[in-house]
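A.B. asks: Here is what each chain is made of, one letter per residue.
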Amino acid sequence: MRNFVALILLLFPQIGIAQEWEDRQLFTADTSTQMLRVISSTDTVLFAPIIEHFVAENPSIGVEYLVHGTSDIDQIFRTDPDGFDLVVSSAMDLQLKLVNDGLALRLPDLVHPSWAQWRQSLFAFTSEPAAIVINNDAFAGHKIPQTRQQLIEALRERPDAFRGRVGTYDIRKSGVGYLFATQDARATETYWRLMEVLGTLGVRLYCCSGAMIDDLTDGRIAVAYNVLGSYAEARVENRDKFQVILPSDFPTTMMRTAMVSVHAPNPEPAAAFIRHLVALQSADNDEVFQLPRLNIQPNDIERATIALEPALMTFLDALKRRRFVAEWENAVIQE
Amino acid sequence: MTHSLPVSGSLRNRLVVILIGGAAILAFLLFFAVRNYATQVAQQGQDNILGASVASILDAATIRDGEVEIDIPYASFSMLSTPFDDRVFYAIYQDETFLSGYPGLAVADRADRFQTITFRGEAVRMITAERILIGIDQRTRIRVALAQTQDALSGTLEQISRNAAILGGGFFALAALLSYWATSTTIGQLQRLTDSVTKRGPQDLSPFKKPVPAEMAPLVTSLNSLMGRLDQSLSQSEDFIAEAAHRVRTPLATVRSYAEATLQRVDKKENRQAMRSMVRAIDESSRAAGQLLDHAMITFRADHLEREEIDLVDLVHDLVLRLTPIAEMKDLELRLQSDAPVAYAGDPILIQNAVRNLIDNALKYAPSESAVDIFVTANTNTQIKICDSGPGFPSEEVDTLTARFKRGRNAEGTIGSGLGLTIALDVAKAHGGDLVLSNRPEGGACATLSL
Numbered sequence: 012m013r014n015f016v017a018l019i020l021l022l023f024p025q026i027g028i029a030q031e032w033e034d035r036q037l038f039t040a041d042t043s044t045q046m047l048r049v050i051s052s053t054d055t056v057l058f059a060p061i062i063e064h065f066v067a068e069n070p071s072i073g074v075e076y077l078v079h080g081t082s083d084i085d086q087i088f089r090t091d092p093d094g095f096d097l098v099v100s101s102a103m104d105l106q107l108k109l110v111n112d113g114l115a116l117r118l119p120d121l122v123h124p125s126w127a128q129w130r131q132s133l134f135a136f137t138s139e140p141a142a143i144v145i146n147n148d149a150f151a152g153h154k155i156p157q158t159r160q161q162l163i164e165a166l167r168e169r170p171d172a173f174r175g176r177v178g179t180y181d182i183r184k185s186g187v188g189y190l191f192a193t194q195d196a197r198a199t200e201t202y203w204r205l206m207e208v209l210g211t212l213g214v215r216l217y218c219c220s221g222a223m224i225d226d227l228t229d230g231r232i233a234v235a236y237n238v239l240g241s242y243a244e245a246r247v248e249n250r251d252k253f254q255v256i257l258p259s260d261f262p263t264t265m266m267r268t269a270m271v272s273v274h275a276p277n278p279e280p281a282a283a284f285i286r287h288l289v290a291l292q293s294a295d296n297d298e299v300f301q302l303p304r305l306n307i308q309p310n311d312i313e314r315a316t317i318a319l320e321p322a323l324m325t326f327l328d329a330l331k332r333r334r335f336v337a338e339w340e341n342a343v344i345q346e
Numbered sequence: 139m140t141h142s143l144p145v146s147g148s149l150r151n152r153l154v155v156i157l158i159g160g161a162a163i164l165a166f167l168l169f170f171a172v173r174n175y176a177t178q179v180a181q182q183g184q185d186n187i188l189g190a191s192v193a194s195i196l197d198a199a200t201i202r203d204g205e206v207e208i209d210i211p212y213a214s215f216s217m218l219s220t221p222f223d224d225r226v227f228y229a230i231y232q233d234e235t236f237l238s239g240y241p242g243l244a245v246a247d248r249a250d251r252f253q254t255i256t257f258r259g260e261a262v263r264m265i266t267a268e269r270i271l272i273g274i275d276q277r278t279r280i281r282v283a284l285a286q287t288q289d290a291l292s293g294t295l296e297q298i299s300r301n302a303a304i305l306g307g308g309f310f311a312l313a314a315l316l317s318y319w320a321t322s323t324t325i326g327q328l329q330r331l332t333d334s335v336t337k338r339g340p341q342d343l344s345p346f347k348k349p350v351p352a353e354m355a356p357l358v359t360s361l362n363s364l365m366g367r368l369d370q371s372l373s374q375s376e377d378f379i380a381e382a383a384h385r386v387r388t389p390l391a392t393v394r395s396y397a398e399a400t401l402q403r404v405d406k407k408e409n410r411q412a413m414r415s416m417v418r419a420i421d422e423s424s425r426a427a428g429q430l431l432d433h434a435m436i437t438f439r440a441d442h443l444e445r446e447e448i449d450l451v452d453l454v455h456d457l458v459l460r461l462t463p464i465a466e467m468k469d470l471e472l473r474l475q476s477d478a479p480v481a482y483a484g485d486p487i488l489i490q491n492a493v494r495n496l497i498d499n500a501l502k503y504a505p506s507e508s509a510v511d512i513f514v515t516a517n518t519n520t521q522i523k524i525c526d527s528g529p530g531f532p533s534e535e536v537d538t539l540t541a542r543f544k545r546g547r548n549a550e551g552t553i554g555s556g557l558g559l560t561i562a563l564d565v566a567k568a569h570g571g572d573l574v575l576s577n578r579p580e581g582g583a584c585a586t587l588s589l
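Protein sequences appear in the order of chains L and G. Under this note's numbering, the residues of the first sequence are numbered 12 to 346, in order. Under this note's numbering, the residues of the second sequence are numbered 139 to 589, in order.
These are calculated hints, taken from the structure and not from any lab test. Hints may be right or wrong, so weigh each one.
Lysine to any residue pairs mimicking SDA-like chemistry, simulated, CA-CA at most 25 Å apart [claimed, not checked]:
#1 L/K108 x G/D498
#2 L/K108 x G/T254
#3 L/K108 x G/Q253
#4 L/K108 x G/S216
#5 L/K108 x G/S292
#6 L/K108 x G/D197
#7 G/K468 x G/D498
#8 L/K108 x G/T235
Label-pair restraints from in silico Cβ distances [to be verified]:
#9 G/Q178 x L/P278: 36 to 46 Å
#10 G/F236 x L/R204: 27 to 37 Å
#11 L/P278 x G/S194: 31 to 41 Å
#12 L/R304 x G/A244: 42 to 52 Å
Virtual Cβ for every residue (Gly too), placed ideally from N, Cα, C.
Modelling step: build the complete structure from the supplied sequences, incorporating the hints.
C.D. replies: Quick look at the structure:
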């Protein structure tokens, strides 16, 4: 804040960069000589304090922060792995596959719990549950649902009140949405019934948490399923109007992960950035680190946190994905 | 006495080298055997998991509406989780067509076969498995290649190698300790024999009777037979000396009596002088022969010491009485000072002999008209002390005078064989005592016989 210049270049037409970004910001100090290119799915608002803190401590390093959806990040990065230093994403499966494909740099000296890292390359730094966010007005005089089953009952009870007013991820567009969906489907049969109910209610499908929450705050939808709780808490301005519910039957919890590209133009500062991120995660500094910290006991509620293991690649298999998406479309899209 | 023997090598070192060298070789063999075996077991473990995983993938293959579907179970890849986060690669082919997974991963020609290949720059263990799917009007072959990197395997191997090294090292240390112990015990038997040889008195030539290990029996037997022969030849030579002395003494006595008789008859001065010298020479020879006999007798009696209760004062008193005439011839006085009876268990003949030799010495060296003092005491230990007022012992020779045939520098002109003190010392040693020679501060020599 003191001596950096934060430039918002969102609407600036870039010559030579065909890519369109959801958001693009530069964080530099006057003395910055190296620029880190970070491609991330995390909203700038939440991530900016972390970057500013980093730049303040490392004035020779500037950061170019590029925001995109989780699926696109995977594609963009795969086509141009030397164009970025760091990849930060909430789609754990896509991130793990990037590492498995040998696209991440090993940072052997970084000390991190084994369950929160993979191959010393992929480092988790948040634990974020998928939440149901509801507009309190829509449930005035009715019981607030606490589980998926109760949500199904509430929706079935008053279909007219919720028709066209429920939202969830479009798993075909959102990587993290696909991750949540597949993990939900693994965990509980209720997921498919809920999807069918949502389908009958003409569910609105979103690419990203941000858009979903925007529509929620605007009152366009009354229920958002599988939103990132952290985003909701940060974005919802009128706390009394909305409620963030972590389904008590099975809270699917994702860990946001970061990795350094094996072809990173600036591997040293990139590694320093991850070290900084991991250190901030465990430091007691809520002003800088506004994201939910890692859950110390990742398995406290029946494997609630999605594990970083090769099994994450299962649903990325082309055949399996085709089959899952088909089934999902079958349930959700009912013209 | 101690000659430096030429030494060639050391039994102990040879044993230690053989045992420890053997242990080292065994430890190395153990290390490699354990490591090799562990490698096989670990590889077998990875292969088993890969096999189970690929089987579960193939099992999920179905034909639906004429199209192949493979609903890979979550567990298929989950079971491939390792502590080292090994990378997993797979490829699914329908007949020759690539369906999904990693396109670069080619299936092996033969199914159900494990291979170690290089994929994306890393060594991976790969299994290929296949299954025939039969649809309504089609028959298709599904082949799956599943590969995993070997980081966990090498991690496990490293750990096992470390443990095997510790095991081998421990085995070696234990074997080294054992061989040290075994060597010490073996060499200890030799050392014990050496000690018992060293500890023996100079006269002790009796055979070794303590049990020895079988391997050492021939050595000890030869040693015993050598000592037997040595003992025999020694006693033969002692016998010979005693016999010779005896045979010399008797004719000498005859010669002396003739010489004395002749001396009475000869008048010429130079002849008398010659005769006197002759008598003196005969006396000297006779005395030497007597002492040789005494010495032989003492050696024999000391080896077979028989103790009896005696009163030392009585014994010495008898001797003084017997020697008084000789003392008076030299104008000497023998003074016996003693406590009340001093009882002692010993060989009276030996003690008498020793004391007589000591008094003889005193009489020889004491100047005329002086006294020889004899003390018999029984305070802390039994002592007989004979002191004269002669020239005393040459101070630098005090320690060596007791050797056989050794005479003091000031003994010239005095009759003596050099055996007197040796006899006294042998007697003292046989009784477990000692002979101490000293000089009196006021002049004169003292010989103390402790028993």
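A.B. asks: Confirm or reject each hint.
C.D. replies: Each hint tested on the structure:
1. Proposed proximity of L/K108 and G/D498 is contradicted: the alpha carbons are some 118 Å apart, above 25 Å.
2. Only pairs whose Cα atoms come within 25 Å are accepted, and L/K108 paired with G/T254 is accepted, the gap being roughly 22 Å.
3. Under the criterion of a C-alpha separation no larger than 25 Å, the hint pairing L/K108 with G/Q253 is consistent with the structure, at around 23 Å.
4. Of the pairs offered as hints, the one joining L/K108 and G/S216 holds, with about 14 Å between alpha carbons and a cut-off of 25 Å not exceeded.
5. Between L/K108 and G/S292, the direct Cα distance comes to roughly 23 Å. Compliance with the 25 Å bound is thereby established for this hinted pair.
6. Among the hinted pairs, L/K108 with G/D197 is consistent with the structure: their alpha-carbon atoms are about 24 Å apart, no more than 25 Å.
7. Restraint check: the Cα-Cα separation between G/K468 and G/D498 comes to about 12 Å, which is no more than 25 Å; the hinted pair holds.
8. A distance of roughly 23 Å separates the Cα atoms of L/K108 and G/T235; the hinted pair therefore holds under the 25 Å criterion.
9. Checked against the hint of 36 to 46 Å, the C-beta distance between G/Q178 and L/P278 comes to roughly 39 Å, which is consistent with it.
10. Between G/F236 and L/R204, the C-beta spacing of about 36 Å keeps the proposed range 27 to 37 Å intact.
11. The hint said 31 to 41 Å for the Cβ distance between L/P278 and G/S194, and at roughly 38 Å that hint holds.
12. Distance hint check: the CB atoms of L/R304 and G/A244 are about 45 Å apart, consistent with the given range 42 to 52 Å.
Hint 1 from the list above is the single one not met by this structure.
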